[in-house]
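J.: Construct the complete structure from the given sequences, taking the supplied hints into account.
Going line by line, the protein sequences match chains A and B. Position 29 of the first sequence, counting from 1, maps to 29 under my numbering, and the rest follow consecutively. Each number in my numbering corresponds to the 1-based position in the second sequence with 39 added.
There are no misleading hints in this set.
Restricting the straight-line Cα-Cα distance to at most 20 Å, the calculated cross-link-like pairs of lysine to any residue (SDA-like) are:
hint, chain 1, residue 1, chain 2, residue 2
1, B, 375, A, 37
2, B, 375, A, 23
3, B, 375, A, 22
Derived by calculation from the structure, the hints in this document are not laboratory data.
The primary structure of each chain is shown beneath.
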Amino acid sequence: MRSRTLAALLAGAALAVGTPLLWRWFARTTNTQVHRINQ
Amino acid sequence: MTDSPDGNPARGGREPSRGPGRQDWSTWPHYDAAGTGFRGYWYPVTWSSHITGTPSAFTLCGEKIALIRDGGQVYALHDRCPHRGVPLSQGNQQFPGTLSCPYHGWTYDLTDGRLCAVITDGPQSPIRGKVNVQTYPVAERMGMVWVYLPLAGEEPHPIDEQLPEELVGNAFVLGGRIDPRAGNWRFACENGFDEGHAKYLHRTSLWRLFKAMPTWNVTRIVTAGRWIYRVQDEVYWDAEYPGVGRWSNKRWWKLKPPEGAFNLGNTGAPKRVDPVIEAQGFPGFASLSMPGVLRIAYPNFIHYEFYVPVDADHHRYVGVMVNFTEGWDTLRFYAKYLGAIRWLFHGEFSGQDAWMVDMTDAPPERLYRPDVSLTAWRNLAEDEYAKKLGA
Chain A
1 MRSRTLAALL
11 AGAALAVGTP
21 LLWRWFARTT
31 NTQVHRINQ
Chain B
40 MTDSPDGNPA
50 RGGREPSRGP
60 GRQDWSTWPH
70 YDAAGTGFRG
80 YWYPVTWSSH
90 ITGTPSAFTL
100 CGEKIALIRD
110 GGQVYALHDR
120 CPHRGVPLSQ
130 GNQQFPGTLS
140 CPYHGWTYDL
150 TDGRLCAVIT
160 DGPQSPIRGK
170 VNVQTYPVAE
180 RMGMVWVYLP
190 LAGEEPHPID
200 EQLPEELVGN
210 AFVLGGRIDP
220 RAGNWRFACE
230 NGFDEGHAKY
240 LHRTSLWRLF
250 KAMPTWNVTR
260 IVTAGRWIYR
270 VQDEVYWDAE
280 YPGVGRWSNK
290 RWWKLKPPEG
300 AFNLGNTGAP
310 KRVDPVIEAQ
320 GFPGFASLSM
330 PGVLRIAYPN
340 FIHYEFYVPV
350 DADHHRYVGV
360 MVNFTEGWDT
370 LRFYAKYLGA
380 IRWLFHGEFS
390 GQDAWMVDMT
400 DAPPERLYRP
410 DVSLTAWRNL
420 AEDEYAKKLG
430 A
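T.: Shown next, in the form of structure tokens:
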């Protein structure tokens, strides 16, 4: 049980760190962006 | 590509050739001379998030520009140190509010381009304050950095006067991509507004896989404000061509085309129109304004293309899809843009345009009826620019 919790925590942390990094890499290499513009 | 300042063989004091059609663009002298773009306008250069404290190099209308962010503000300087011609974009910041050349540490104030220190000549360097690099007005809109290229050192007009009206004062979400492309910016602009091309060139694109496009239209050009619009008076989905046979874009797997003419959305009449888009009262779905801004209005979103001149043979394609939506629909739009539109519309579909723009070689040219869209654009550019020069 403890190892499952640890794995879930590690996976969550990897996702939390990896997703923004992956998005940054994608946005920069493909020159693609999405934005909300509030006026 | 051929145009007069860049070596059009049809011009330059030589006897005009006797071939059929239009031999040159001398009818539109300002447009003809604008191979590297029109000065006196704002141009989108890159995404705001790409500009940091490390300088980046860009070419705009043939001019080399360095962009750098300092204290949250973006600054643009001519990307050439007057000392030995080294690009300032290769340098870095040694003092707040400045940019130093990587070669000898000539250091320029970001606000006015004044040489404010020369690191390798000591604090009392006599050349300090006697040298300047040109700076350019910068604005940030739509998540992008815009640079104003002056005609002759004049103050820029407010950027909001140049943006599409519906993007000023309305909240929206956008998705877009910026691509360097081969070909002159005028070919890209003419292609975008070209009445005849989409029905044929794009008939094979995945973006139009389930939607038929007309075979041919009867189109006129309407001017409203600073925009010209393509207005479709008659739409034909198939036709019998004398001596060769029948031709149509209709297929059994594509949605049945609507009856009659339509002027919003380029494949059919809308069921429901976004209130912001409806309020604009666009006379036609395709419109164009200076200095090369294409607007394609669909019932629930608007697609824009900004054709940014780089040099005589290259331009920057800035494709932007805008949806006037709020709340959770923002996430749906993001998913739709990143999952489909970015690849299909701003990718494969637009790639067909890029292919043709790269291949176009005019003048000379032999125009046909639908090319009223091209000549109307050239007339608009010519008139607007003459007015600007006169002002």
